Amino acid sequence: MNVLDRARLETAVQRYDWWLALRGAPGRRRRELRRELRANLADAAAAAGSRTAVRALGSTRTMAAEALPEDRTGVRWSAGLSAGAAAVGVVLLVEFWTALGWLDGAGAAVAGRAGRAEGSLSLFPGSRLEYVEDASGLSLSFQPGWLALLAGLLVLLAVARPWRALRGRIQPSGRAGVARL
Amino acid sequence: MLKGVLPLLLLQLLDEREDYGYSLVVRLHELGFPDLAEGTVYPALSRLEAGGALGSRLVRSSAGPARKYYALTPTGHDELVRGLDAWHALLSSVTRVLPVPHSARSAP
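Line by line, the protein sequences are chains A and B. Using the numbering used here, the first residue of the first sequence is number 1, and each one after it goes up by one. Using the numbering used here, the first residue of the second sequence is number 182, and each one after it goes up by one.
With the rest of the complex left out, here is chain B:
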């Protein structure tokens, strides 16, 4: 399920600021996706770049090889807006069908 929404998450994070692969992984871990593997994020970035949603530039790093920083292109921005609309439409439909979780019902 997460794989389907991962491009949207990456577009959103890159809309906030340009960033590189490993840093995006760390941000996603901190934002509540601790099990997300690097091997899932890096190919998703490559696909988004190949599709024209992201642009990139190499930035020298004192810690090692040059990092590839990604940023949203206008196409990527349009894709993000469309993706957010689709996601919220899906979410409202799903919440109409699915019951409230048991833990939430029993909360005071």
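So that you can see chain A by itself, here it is in the shape it has in the complex:
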């Protein structure tokens, strides 16, 4: 099995794991299921090739849904962290491309003379850009601001649902109150 085959199989395993995480599967159970799928895929790939082995699995989302009932009580930290990190990455990428446009404009404004341009990106609060051109050369600085972090945090909270932990702690005392009545 070459590197490409291994990468194809591991991608399928990680996709499966992602859906298991989203369903709130505990880490230990996910490890077991990952290990089992990896072994089965290795055998299937040895018999029919990695592409066929992965295709025969069908949807990894459906597989995860059929393998485990969804846990609606646990906090999904690992899925939340992955989704939050992806959100930070996407916002930073958009911000970076926007900043490139700003720097192009600043360069054109300074136009070869010694000079300095400073500003921010209106869609990204807290961002700061600086373009300095002098005899010693060109200097660029870019601070992305806090929007990426905020987006990451919101996505993390939305996916991980940490309030489930609070609900778990509150419920027993609530039940006790009902019992006293």
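Calculated directly from the structure, the hints in this document are not laboratory data. Please read all numbers here as calculations on a predicted model, not as lab measurements. The C-beta atom is built at its ideal place from N, Cα and C for all residues, glycine as well. Be a bit skeptical, because a hint or two may be false.
[Claimed, not checked] Between beta-carbon pairs, the in silico distance windows are:
id	chain 1	residue 1	chain 2	residue 2	range
1	B	LEU239	A	LEU93	37 to 47 Å
2	A	TRP77	B	HIS258	35 to 45 Å
3	A	VAL3	B	SER274	47 to 57 Å
4	A	ARG35	B	LEU265	30 to 40 Å
5	A	ALA7	B	HIS210	18 to 28 Å
6	A	TRP77	B	THR276	48 to 58 Å
7	B	LEU265	A	THR52	27 to 37 Å
Use these hints to put chain B onto chain A, whose structure you have.
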């Protein structure tokens, strides 16, 4: 329809001998279910194990990662017996209602 009977098929195959996921898929293909997807069999095994019908152990493999071998538990054996009774009862009721297939009628 096959999904409903798949747990019963898996219990029967595992009653014959302990086995692991991909090998069970191959056996099912050879026994007349060539379109059965791996992605249907593996979750069914996980559900049966979670329900206590199957036990499992890891066995080292020279071909790759350790394989997870499943075997029937006493609960699984009881489930198989109940499932077989229910299946045969259903089959006899269905054959009383459904006509014999056209191909079978025209055979000499």
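Hints versus structure:
At about 42 Å, the beta-carbon gap between LEU239/B and LEU93/A stays in the expected band of 37 to 47 Å. Checked against the hint of 35 to 45 Å, the C-beta distance between TRP77/A and HIS258/B comes to roughly 39 Å, which is consistent with it. For VAL3/A and SER274/B, the Cβ-Cβ distance of about 55 Å falls inside the hinted range of 47 to 57 Å, so the restraint holds. Checked against the given bound of 30 to 40 Å, the beta carbons of ARG35/A and LEU265/B, roughly 32 Å apart, stay inside it.
The beta-carbon spacing between ALA7/A and HIS210/B, approximately 27 Å, falls within the hinted interval of 18 to 28 Å. A beta carbon spacing of about 53 Å between TRP77/A and THR276/B agrees with the range 48 to 58 Å that was offered as a hint. Checking the proposed 27 to 37 Å range against LEU265/B and THR52/A shows it holds: the Cβ atoms sit about 33 Å from each other.
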